[in-house]
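Participant: Listed here are the chains, written in short residue letters.
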Amino acid sequence: MGLRRLSPSTTLRAGSEHLARIALALVTLAVPLAVAVAWWGANRSPSAVTIHGRVSEAGGWLPGTLRAVVGSPLQLRLVSDDVVHGFAIGRSDAAPIDLPPGQVVETTLTFDQPGTYTFYCTRWCGPDHWRMRGVIEVSGSQPAAPEVVEPLYESLGIDIDAPHPASAVPQVRPSPERGEALGFEPPEGFRSRPDFIARPPAETWQSLRLDPSTRGLSESQVWDLVAYQWRSATTDAALQEGQALFAQNCAACHGESGGGDGVIALRTPEGVAEAVPAAGATHLAGEQPPSPADFTDPSTMLGASSALLQGKILRGGMGTGMPYWGPILTEAQLWALTDYLWTFQFGETS
Amino acid sequence: MAETHTPRSPFGSIMTRVDLTRLPFVRSMLVARGPQLAVQLAAVAGLLLVIAAGLLGTPVGSRNPATVLVWIAWWAALMIVAVPFFGRLWCGVCPLPLPGEWLQRGALLRPRGRGRGLGLPWPRRLRGLWVQNAAFVIVALFSLPVLTQPRLTALLLAGLVLVAIAISLVFERRSFCRYLCPVGGFIGLYAQAAPLEVRVRDPRVCADHTTKTCYTGSADGYGCPWLVFPATLTSNVSCGVCLECLRTCPLDNVAIRLRPMGADLRRSTPIRIDEAFKSLVLIGSALVYAFVLLGPSSALRAAAAAVGSQSWLAYAAGFLLVTVVLVPGLFLVATRLGPSVGSSHLSAKEGLQRFAPALVPLGLAAWAAFSLGFVLTNASYILPALSDPIGLGWDLLGTTSMPWAPVGGPLVSWALSAIVLVGLAWSSRQVRAVAEDLAGGVRMALPVWGFSFLVTAGLLWVFVA
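In the order they appear, the protein sequences are chains A and B. Each residue of the first sequence is one higher than the one before, starting from 1 at the first, in the working numbering. Each residue of the second sequence is one higher than the one before, starting from 1001 at the first, in the working numbering.
Hints are not guaranteed to be accurate.
As the list claims (entries may be wrong) - Far from chain A, some chain B residues (derived; all Cβ distances over 12 Å): (1) 1056; (2) 1089; (3) 1318; (4) 1391.
Unchecked claim - The following label-pair restraints were derived from C-beta to C-beta distances: (5) A:96 <-> B:1116: 39 to 49 Å; (6) A:16 <-> B:1269: 22 to 32 Å; (7) A:16 <-> B:1170: 26 to 36 Å; (8) A:96 <-> B:1077: 50 to 60 Å; (9) A:28 <-> B:1405: 16 to 26 Å; (10) B:1302 <-> A:131: 44 to 54 Å; (11) A:62 <-> B:1298: 24 to 34 Å; (12) A:63 <-> B:1086: 48 to 58 Å; (13) B:1309 <-> A:92: 51 to 61 Å; (14) B:1421 <-> A:106: 42 to 52 Å.
Calculated directly from the structure, the hints in this document are not laboratory data. The beta carbon of each residue, even a glycine, is placed where N, CA and C say it ideally should be.
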């Protein structure tokens, strides 16, 4: 075995090389390791659930189903992976939370009742925005509150999927102000809110027209009475809330003026597929759903009762592209929105 | 300290070259490997952070360091500061080829034995810039998704590192940097304008030096990794400023010098046709990028991003048409018109070879202006991305929620225009000088001036209109 004698400068160089290698090893190991540990720690933390939001065409909420226990805080780390989304719990008073792209927003939810809660996006993030929903299944010792209350349209036996042509339409846009100015006392059965919401306006008009008490009124004046009946059955606050809900949830498809001409509805499938390639794999690849309802068209609108409209909003339109809002909107919100829809038939056009 | 030459530059003979390596401190810092390695390790750390953030962090391009640091911060620093003023200095610390180079050498510092790898020479047919030109065009076609998607950025960078490793283990020295790197050719072309050069002090000393350690290597350093014999260097195009020749020259005949800007642009010999083509492709690319990224058409940006769609195919066809056909074709026409009105007679090839270097200032100005516009618009993304580098909700710098705020306002477009106009003036002067060298006079320069004005007008339209 021979012994190799190293000069001092050679030893120094070898030492430098070793130091350099140690430095390189530290850099190449430390950076990825630190990133991986931080990432793993954040994503595996039992104390918080990270929810990623993506446009529906790219997956929507991930994960889409969460579990929680009554009374136990549920910590959420919300992050949008693409565009601005909003996060809100359906049928809740809590204000929506905006999610700027790429920024983590933390929130904590505590449920006091077991049941299934829907969380949803509150920002028009894409053509299939309304599909961006998820559920939180909340368990607890007490029994879950009954979720399904028979909707009014069912108890009234209304087939909300059937066509509802109006049996009569006005020649002049009905005005609740003119109806009120008539100083007419409506007959029994036309005075209360239940009277209004159960019957289509065209049917109400025909019944009033046949009532002896309206014999001295013109057809238009009777339509004004119908409009006045609607206005008497709702409130300014409900109409304002309905207007806000319509702008937030409905206008993109139905249009701000209710004409069924919202920006999403006007986009062709090709245009949507171009803007959001993943959309080509969804319903847009198949048959184009019917156009959104035109609330300004009296020939169909006046043939629908408020109960029917509320049912459509609640349950959604089968095969029409109309989302279901039952898990999202409270009963009061549903009716406020329904009341607001009549502004497209009655009152001043604006 | 200073050596005085008669520089052939647009700034005339009032400028002298300043030999920085005559300053003992500077020389010792450059010769020592420690400082360079420290910067290289920092660059490697940055690269690893960028790749990790790109793969694990948020997919939102404006919030991820992969896209923000690379395509906003690094790119702007490269195009506005590093290349115009320091040439290829970045190549000396670029982290992409380092893992391959270290594996090839089997060392991080001085040579230690034979190293690893086959050490084959790069195939003769693939030498020159043609492969690099193709690599640039291919990357450019997919640039918008890469610019905006952190994962693609991370995969591109990791892919380049892996390719560089493979090339380093099969072929000799830095064949990857010299013949393949899509950014390397770009930097090399515009490094000609930089006021910094690595040159031998006296070529006669090299001629008499029998061992040529600057090329063959010695115990103090490696033979030129860029496959260049320093004594023949006449431009910055192929010199990677790796400093090895400074370490291996036993005769202290290698210098790093400050010089007049653009001193490389009037070489006594015509440039190669692939280099000329590169110059034109880059001018065309600057035009397309400026129009797509800073222009008014969101539909065009959407088309450039929708890789694989019909609209992207149309965009790709347009990109190729402009960069590979239209701009080179127009320039060819301009150089052909020149001789016909001038008194000189040049072949088409010679026209390209002679006049193309004159476009370097205009091309550099176009890229610098475009990059300045891009960084001023998007610089406010940098601090939020650094404050939460992997999208975990951190606020390391207290800037996570800083809103996007473009910098500069309406003055930006005028600043960008001014940069391009300076480039035009500089190129125009170069064009005239080339025409005079060829005894063609102003008439010979006219068509090439026309071409330059056309390019400038296109850029000004984007910046101002």
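Participant: Does each hint fit the structure? Answer for all of them.
Facilitator: Hint check results:
Once the 12 Å rule is applied to beta carbons, residue 1056 of chain B is inconsistent with being away from chain A; the minimum gap is 5 Å. Taking the minimum C-beta to C-beta distance to chain A, about 21 Å, the non-interface status of residue 1089 of chain B holds against the 12 Å cut. Distance check on residue 1318 of chain B: its Cβ is at least 17 Å (rounded) from any Cβ of chain A, clearing the 12 Å threshold; non-interface status holds. The Cβ of residue 1391 of chain B does not lie farther than 12 Å from every Cβ of chain A; its closest approach is about 6 Å, which violates its non-interface assignment.
A hinted range of 39 to 49 Å is violated for the C-beta pair residue 96 of chain A and residue 1116 of chain B, which are about 59 Å apart. The hinted window of 22 to 32 Å between residue 16 of chain A and residue 1269 of chain B is violated, with their beta carbons roughly 42 Å apart. At about 29 Å, the beta-carbon gap between residue 16 of chain A and residue 1170 of chain B stays in the expected band of 26 to 36 Å. As the Cβ distance of residue 96 of chain A to residue 1077 of chain B is approximately 40 Å, the hint placing it in 50 to 60 Å is violated.
Between residue 28 of chain A and residue 1405 of chain B the CB atoms are about 36 Å apart, so this pair departs from the stated range of 16 to 26 Å. Here the CB-CB span from residue 1302 of chain B to residue 131 of chain A is close to 22 Å, at odds with the stated 44 to 54 Å. Between residue 62 of chain A and residue 1298 of chain B the CB atoms are about 28 Å apart, so this pair conforms to the stated range of 24 to 34 Å. For the hinted restraint 48 to 58 Å between residue 63 of chain A and residue 1086 of chain B, the CB-CB distance of approximately 50 Å keeps it satisfied.
The beta-carbon spacing between residue 1309 of chain B and residue 92 of chain A, approximately 40 Å, falls outside the hinted interval of 51 to 61 Å. Judged by the Cβ atoms, the range 42 to 52 Å given for residue 1421 of chain B and residue 106 of chain A holds: they are separated by roughly 50 Å.
Against the hints set out earlier in the document, violations occur for numbers 1, 4, 5, 6, 8, 9, 10 and 13.
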